[in-house]
Amino acid sequence: MEIYQDEVHALVGENGAGKSTLIKVLVGAYKRNSGEIHFNNQKAEFDSPAQAFQNGINVIYQENSLIPQLTVIQNIFLGAERFTPLGLIDEKKIYQEYLSISEKLGFELPPHEEVRNLGVAEQKLVEILKALIHKTKFIIMDEPTASLSENEIEHLFRIISELKSNHISILYITHILGEVFRIADRITVLRDGKKIKTVFTKEVNRDEVITMMVGESLINAYISPTTGRKKSQQPILKVENLRRKPRVNGVSFEASPGEVLGITGLMGAGKTELSRLIFGADKLEGGQILVNDKSVRFHSPLDAVNQGISLVPEDRKKDALVLMLELYKNITLPTLAQFANKGVISSGKEFDITIQYIKKLDIKTSGVNQVVKYLSGGNQQKVAISKWLQTEPKVLILDEPTRGIDVNAKVEIYNIVGKLAESGVCVIFVSSEVSEVVKVSDRILVLSHGKISGEFKRGVSQEEIMRMILQADK
Amino acid sequence: MTKKINLNLTWYSIKKNGILFIFILLCVFLSIITPGFLSWANILNILRQSSIIGIMAIGTTFVIIGAGFDISVGSLLALSAAMCVGLQHYMHWSFAILLVLIVGALVGLLNGFLAAKIHIPAIIATLGTMTIVRGLVYLYTGGYPLYVEAPDFAFIGTGYLGPIPFPVVLLVIMVAFWQFILVKTRFGRYACALGGNKEAVRLSGVKVDYYHILTFVVGGLMASMAGVVYAARLLSVTPLAGQGYELDAIAATVIGGTSVSGGEGSVVRTLVGVLLLTIIANVFNLLGIHIYVQYVIKGAIILSAVGFDTYSKFRE
Chain A
1 MEIYQDEVHA
11 LVGENGAGKS
21 TLIKVLVGAY
31 KRNSGEIHFN
41 NQKAEFDSPA
51 QAFQNGINVI
61 YQENSLIPQL
71 TVIQNIFLGA
81 ERFTPLGLID
91 EKKIYQEYLS
101 ISEKLGFELP
111 PHEEVRNLGV
121 AEQKLVEILK
131 ALIHKTKFII
141 MDEPTASLSE
151 NEIEHLFRII
161 SELKSNHISI
171 LYITHILGEV
181 FRIADRITVL
191 RDGKKIKTVF
201 TKEVNRDEVI
211 TMMVGESLIN
221 AYISPTTGRK
231 KSQQPILKVE
241 NLRRKPRVNG
251 VSFEASPGEV
261 LGITGLMGAG
271 KTELSRLIFG
281 ADKLEGGQIL
291 VNDKSVRFHS
301 PLDAVNQGIS
311 LVPEDRKKDA
321 LVLMLELYKN
331 ITLPTLAQFA
341 NKGVISSGKE
351 FDITIQYIKK
361 LDIKTSGVNQ
371 VVKYLSGGNQ
381 QKVAISKWLQ
391 TEPKVLILDE
401 PTRGIDVNAK
411 VEIYNIVGKL
421 AESGVCVIFV
431 SSEVSEVVKV
441 SDRILVLSHG
451 KISGEFKRGV
461 SQEEIMRMIL
471 QADK
Chain B
1001 MTKKINLNLT
1011 WYSIKKNGIL
1021 FIFILLCVFL
1031 SIITPGFLSW
1041 ANILNILRQS
1051 SIIGIMAIGT
1061 TFVIIGAGFD
1071 ISVGSLLALS
1081 AAMCVGLQHY
1091 MHWSFAILLV
1101 LIVGALVGLL
1111 NGFLAAKIHI
1121 PAIIATLGTM
1131 TIVRGLVYLY
1141 TGGYPLYVEA
1151 PDFAFIGTGY
1161 LGPIPFPVVL
1171 LVIMVAFWQF
1181 ILVKTRFGRY
1191 ACALGGNKEA
1201 VRLSGVKVDY
1211 YHILTFVVGG
1221 LMASMAGVVY
1231 AARLLSVTPL
1241 AGQGYELDAI
1251 AATVIGGTSV
1261 SGGEGSVVRT
1271 LVGVLLLTII
1281 ANVFNLLGIH
1291 IYVQYVIKGA
1301 IILSAVGFDT
1311 YSKFRE
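Residue numbers (the working numbering), protein chains in the order written: chain A, 1 to 474; chain B, 1001 to 1316.
Derived from the structure by calculation, the hints contain no laboratory data.
Do not rely on the hints blindly, as some may be mistaken.
Derived CB-CB ranges, DEER-like [unchecked claim]: (1) Val-1183(B) <-> Val-120(A): 33 to 39 angstroms; (2) Gly-1128(B) <-> Leu-470(A): 52 to 58 angstroms; (3) Lys-245(A) <-> Lys-1207(B): 25 to 31 angstroms; (4) Val-1172(B) <-> Gly-286(A): 35 to 41 angstroms; (5) Val-1169(B) <-> Ser-48(A): 53 to 59 angstroms; (6) Lys-419(A) <-> Ile-1022(B): 21 to 27 angstroms; (7) Lys-245(A) <-> Glu-1199(B): 34 to 40 angstroms; (8) Asn-40(A) <-> Val-1183(B): 32 to 38 angstroms; (9) Tyr-95(A) <-> Val-1293(B): 53 to 59 angstroms.
All figures in this text were calculated on a predicted structure; none of them were measured in a lab.
Every residue, glycine too, gets a C-beta built ideally from N, C-alpha and C.
Could you put the whole structure together from the sequences, leaning on the hints where they help?
Have a look at this one:
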């Protein structure tokens, strides 16, 4: 892939297509397995984002990387302060430089305001200014409009074209195609971690790009077996008007044993927050949860577990596993009481059950004693799922269960989900990868801004759901 | 890939058992240069010198495994010792001991509450209780030393069971008991797990705060028990008793391979850490190294042990 000078180059692809990984490899946050990077016609070896930054490549992430307690000017000049001959910080010179550069780009920020008091859009501008002060030649923007309003997006686009005329190249990452067609010169489509095509924006239309994004990927070739599933008429879980600011704003739905209920939506739509609410991990601010038509109150995850509800959280490393512990200790964590006789844990029993799950879910490991840290992402995910299967849940919520794992492992996870539904478990499959939600679920809810904006049955096409998501978002 | 895992495992086992190698090497070396080193009398002597810090360090091990920290145990030892002596004016010494252990557990409970529920960083929370408890010691003693009057109470510190000093028996029983609790019970397992990743354990449906606080209760309880032995061994308690003991207990724990960031550790290895510190102190005394210099060296040893742990974690 090539990016020219003075170009706005869009990188598009579905969630999980490998966009974020590509950037991280590009700036040296991740080590690459093979391949080369050339920058300004020179072979580039970046060991860390800091090194890439010094060489004029700057990434503006979705979450901003400013220091909230410092002022706008202090943030912009962080690491590039100007000094007086005595070695003191030259406030005057900094201020003048700031004025000249912000004039050039045609916008104004309150220079002495603390960054935490600014809006999200203004913070993005601060990051852009910071990049310019550090003599950046190449800016990577990762979903920059994710939390911006219509007006702010307009403003950002004006600045992007301004940057372009100042000889700065931009790699613009997004899955909102409307934006791409407005600002990009060329588009590169990624799918399953591979480049599908690079095209000039003028030469293609929207539908062609969607087709390239969706394509005949491995996941799309996967067909979920639905035979043998008997959805019960009686819903096991009902939630009514669930609320927790700011991400969950009144969600109601029901789910039955033996069905896979998919929940999808953009990042930040409130999927994870909703999952955590149902599991009692966060406090409910309004609404109620009914299990078997009985209203329940969860004060902690323990209460939810006792009602037969389990959650495999989104962030494996942070929320699901104790990385430094052995495999079997992770798996028996929620059910340890069952392995104790008069308070004394029987490791033998723990090993037996762990071996069962290693076989059942085909976990690739050197043994029950392996420390979970050294497993691959897909196998770690299987450990997290095993841990919860053991509690024999009636409702199993899987939050982004395939994030960051390879395609084969993904398909294995889908098969596990199918088998669970067959055995009468109610599976709630939460994912922002529309392609997999469509394949796996019997019923699909679309979540936008913390509300359900649409419901679909099995058989709906991926495009239809994507359209619904993007519509609801704008 | 397999090669890498093997490498990691070897590294892991060295990290885990390195302290044992060093300990054995040191013992062999010392038995060669000082003929009496491996004599029964000297071994018992080393064990007896280790008993007070050893008992205290068991509690410290639990606290640190749970990713906590407790620097109040030195003060708590003093309070326990003072109360244990003082209360004997009003009741039989066995009741005094019972009461003192309860006080120790309560101080631990307070530490745990401040750390787990109020979310004060444990080192700051226990810095506060350390100061409060030391103040209570002065209030209780009025600033004067207290002396033990009941001769049979002294058995706990100076008596023998057969050929073995009672404090050593107590130490060995406590190490065995708490190692069992750590490895074989839910409390022990959860203590390790929550030290490794508290949020993941909470989301596993475990009452994490309860178990987190319990680690501090063990810390307080064992500090009090150490205080009882201290009083019975020295037969007097000054208000300055136990100053700096918390550092020895923490040092022994960390030298024993318990990770300062929590999640892994062992009571038995902590005992090895205590013995190592005692032996080193003995050697220094034999070599005539001044106590001031010993402080400097001890500090360096602690930093090396912690640095080894944290730096190897960082490299991963």
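Hint check results:
no.	hint	verdict
1	Val-1183(B) <-> Val-120(A): 33 to 39 angstroms	violated (50 angstroms)
2	Gly-1128(B) <-> Leu-470(A): 52 to 58 angstroms	holds (54 angstroms)
3	Lys-245(A) <-> Lys-1207(B): 25 to 31 angstroms	holds (27 angstroms)
4	Val-1172(B) <-> Gly-286(A): 35 to 41 angstroms	violated (58 angstroms)
5	Val-1169(B) <-> Ser-48(A): 53 to 59 angstroms	holds (56 angstroms)
6	Lys-419(A) <-> Ile-1022(B): 21 to 27 angstroms	violated (52 angstroms)
7	Lys-245(A) <-> Glu-1199(B): 34 to 40 angstroms	violated (21 angstroms)
8	Asn-40(A) <-> Val-1183(B): 32 to 38 angstroms	violated (58 angstroms)
9	Tyr-95(A) <-> Val-1293(B): 53 to 59 angstroms	holds (55 angstroms)
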